[in-house]
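If you want the building blocks of each chain, they are given just below.
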Amino acid sequence: MAELSFENIGISAMAGAVPKQIIKNRDYTAHFDEALVKDIIDKTGVEERRFASEGQTASDLCFAAAEQLFEDNQIDKSEVDILLFVSQTPDYRMPATSVTLQHRLGLSKSTAAFDISLGCSGFVYGISVAYAYANMPGIRKVLLLDGETRSKVYHPKDRKTGFIFGDAGVAAIIEKQEVGHSFFSLNSDGSKSDLIKIDAGGYRNPSNEESIKEKVVDEHGNIRTDEHGYMNGADVFNFVLREIPKNIRQTLSLANTSMEELDFYVFHQANKFMNDYLAKKLKLDSSKVPSTIQKYGNTSSVSIPITIVDQLKGQLHSPKKLLLCGFGVGMSWATAVIPTNQINISDIVEV
Amino acid sequence: MEQKFLNLIKEALEVDSIEVKFEDLLADFDAWDSMARLSLIALLDEQFEVEVADAEFDKTETVKDLFNLVKSRVK
Chain L
76 MAELSFENIG ISAMAGAVPK QIIKNRDYTA HFDEALVKDI IDKTGVEERR
126 FASEGQTASD LCFAAAEQLF EDNQIDKSEV DILLFVSQTP DYRMPATSVT
176 LQHRLGLSKS TAAFDISLGC SGFVYGISVA YAYANMPGIR KVLLLDGETR
226 SKVYHPKDRK TGFIFGDAGV AAIIEKQEVG HSFFSLNSDG SKSDLIKIDA
276 GGYRNPSNEE SIKEKVVDEH GNIRTDEHGY MNGADVFNFV LREIPKNIRQ
326 TLSLANTSME ELDFYVFHQA NKFMNDYLAK KLKLDSSKVP STIQKYGNTS
376 SVSIPITIVD QLKGQLHSPK KLLLCGFGVG MSWATAVIPT NQINISDIVE
426 V
Chain Z
80 MEQKFLNLIK EALEVDSIEV KFEDLLADFD AWDSMARLSL IALLDEQFEV
130 EVADAEFDKT ETVKDLFNLV KSRVK
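If you read the sequences in order, they're chains L and Z. Here the first sequence is numbered in my numbering, starting from 76 and rising by one per residue. Here the second sequence is numbered in my numbering, starting from 80 and rising by one per residue.
Calculated from the structure, these hints are not laboratory results. Don't take each hint at face value.
What the hints assert, rightly or not - Taking lysine-lysine pairs in the DSSO-like style, the calculated list, with each CA pair at most 30 angstroms apart, reads:
(1) Z/K100 - L/K321
(2) L/K356 - Z/K150
(3) Z/K83 - L/K355
(4) L/K290 - L/K347
Here the structure is a predicted model, which is why all the values come from computation and not from measurement.
Just chain L, same shape as in the assembly (with noise of 0.2 angstroms):
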């Protein structure tokens, strides 16, 4: 079982990039008609989405969110021991994007590196890991960057994945600190991966001729190729009814808290109409779950993090309590309780 706990490591500094591009889903009625578009609107709560540009990576974000980051905190950078890039959308296969980071960063050749590849669940996997580094003796800060650019991921014409997702980078600082403990559960249940997935363009099924066709896939006309995304809203949604209210109390309990206790609950920004649900099922004060679903949509991994610069900015200058839950592609889901002593959040950069 993988239950974590840790002492007295906390997250210091966390920054935020978003594309300057945006993307208003109300004009988005080049491929279906404005009824339809209002009712996935509201369903969903995604009004405005980022995109990046042609040729800007989830690395770019990640990058200008830790230049921030750095300037904001004064931060030495030779005291950055480890690098973290949690991302679906790396720069290339190979080599890792995180080491081609290192070096744009500007950080010593000293510096461990390496990319984490999970989604929605992927912010609270990869704190966990930064976590688990900085607490070992003689390293100092590990820097956690985490970015998507999923609006590359799906096709435009498939209407079940084409009004959610957007792009966005964050970068986090991890160290030591007399902070209080901190506890995580990590799960994964890879029979369900056949629920959001990309078939083609990997090993298994090799890019082709056949996979970059366009091809109507359903009776409702919804268009994309093999190497586009998919997503099965009805059994994720099953999936997370039935797992994570669950793994919030096995978290609590681990924890040895209640949500009474916590100050907020930063949930991965699905949809409105499943995070309304989950919290309403939770129970849950909706004046402690901040959200940027309206104004960011479903930025996969990076949702968590995202919500947190642009939400809780100006409310973590003083010991809080939070709970994070990620979940999504893999099947992949993450609860964690952490204590903050002060987090610097700095303003969202766009590029």
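Got chain L sorted already, so can you dock chain Z onto it with the hints?
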């Protein structure tokens, strides 16, 4: 349970003005799409604590078929 179930279907399909009957075909409702399934999943969880998979919805033709499936799972 029958009336509660029919009301739930009406709510998921957002058809306040139309009467939903057991013999109705789900596919005949304009609103029976992937978003209606999300509503239905939430309502079935909330009111009956029952889960229905996407593939099971695909195999369900009439409102009655779905009712029987849900009824067999109510604890």
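Tested hints:
| no. | hint | in the structure |
| --- | --- | --- |
| 1 | Z/K100 - L/K321 | violated, 36 angstroms |
| 2 | L/K356 - Z/K150 | holds, 22 angstroms |
| 3 | Z/K83 - L/K355 | holds, 20 angstroms |
| 4 | L/K290 - L/K347 | holds, 29 angstroms |
When each numbered hint is compared with the structure, a violation occurs for hint 1 only.
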